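K.L.:
Residues per chain, in single letters:
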Amino acid sequence: MTEAEEREGTRPIRVLIGKPGLDGHDRGAKVVARALRDAGMEVIYTGLHQTPEEIVEAALQEDVDVVGLSILSGAHLTLVPAVLDLLHAQNMDDVVMVVGGIIPEEDAEELRKLGVKAVFGPGTETDDIVRFTRASVGRA
Amino acid sequence: MSLGAEILQGDRRALARALTLVESDPHAADDIIAEVYPHTGHGVVVGITGAPGVGKSTLVDRLAGQFLARGRKVGILAVDPSSPFTGGALLGDRVRMEGRGSDVFMRSLATRGHLGGLARATPRAIQLLQAFGKDLILLETVGAGQSEVDVMGFADTTIIVVVPGLGDDVQAFKAGILEIGDIFVVNKSDRPGADQTMRELRQMLHLGPQRAWMPPVLAAQAQQDVGVSEIADAILRHSEVRLTDPEQQQRRMQEAERLVRDALAEQLVRRVVNQSQAKGRWHEVLTEVAERRLDPAGAAKALHLDQE
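Here the protein sequences come in this chain order: Y and F. The opening residue of the first sequence carries number 1 in my numbering; numbering runs sequentially from there. The opening residue of the second sequence carries number 1 in my numbering; numbering runs sequentially from there.
Hints are computed from structural coordinates only; laboratory data are not their basis. For clarity, every value in this text was computed on a predicted model and none was experimentally measured. Hints are all accurate, no fakes.
One-sided and incomplete, this derived list gives chain F residues near chain Y with beta-carbon spacing under 10 Å:
1) T20
2) E23
3) D25
4) T86
5) A89
6) G92
7) V95
8) M106
Listing some non-contacts, in silico: residues in chain F with all C-beta distances to chain Y over 12 Å:
9) G43
10) A51
11) D135
12) M204
13) D233
All C-beta atoms in this analysis are idealised placements derived from N, C-alpha and C, irrespective of residue type, glycine included.
Use the sequences and the hints to build the structure in full.
P.N.:
Below you can see the structure in the form of structure tokens.
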């Protein structure tokens, strides 16, 4: 077994849930964090008003598999590319990035083009988020 | 280059990955630890423990700020409980941390079934941070009450955080928690009853044996950064006393013994389990124990006698 395989076998999936930007609504982020935890994942919650730099530094230090950003402020087309660029600068392109929030479909399409693996809008079932998260790191 | 060498050179990503390895499977990280071990053991490890909600995370964050300002290289390990049912964990200590960028390296650890208020990987995580160059490590336990005394085994200085009016004070200061504290902090000291809590704590400490280091009882309001610099001073004072303590060498030997015993236990268990599984004995013996035909200690004995 290689080191990477061994690591996959024994570690819980680690997910960072971050809230970049200025909006103060973290209910959705907390509901998702709770659902992922109940699905056996280790969820690092960063709290409100994080800069893209803080989110990427936390993702690096915590060695997460997945970064989930919750954005309700409408600034997703600024914040998400900023986080993606910083991840890239740290050679962290293997980290799966997902976004949740109120995102118009044309913007969601744009985010997916940039490398976001999934965009979850209002009303998404947490079960679907759990399923997607597992599949995205090859543990379906 | 090996992960160990990358850590010694200060590669943050390598440190993060190595921490994942020691958390996931102690055995997988044996080589890394072997490589960095000569570069560990320096500096100060500060354990911070106390009941949930007393302000441990906030205090850790403010202490990190204090020590950064004093030119120390700060690492933080924050432990939160894993769910015993799903194995999942919500690691929320970062919420209390002010953005200090890459100056502070913080890692959230889940207990993953380990009791005693810490994660099993704690000693190795400390060693990795030290190898990386951190000389002041803040180790925050899960919200603890009376039994989470493991922290003193890993910390050079243990801080017990309490708040005024947490019910019957005697309850909170039962045996164990009083004995492991090197520094006591009464946080949220602007609340009513703070003076009384401090007085009672001091009285109870004075009832105990006289020691070279008498634990100070300090008031703080971590949120407002009040009293934090005094706590940092006390930590450094305690380090100095500790270093000149004639029992220091003895403590190092005790720590070495504990670490070797733990490693030995783990290696022996792994060997016996692997071999028993290979021979098909493992399942057989577990079945006998489950059906009450064999007792657990007898089963263990039978399994390791099989080896010989």
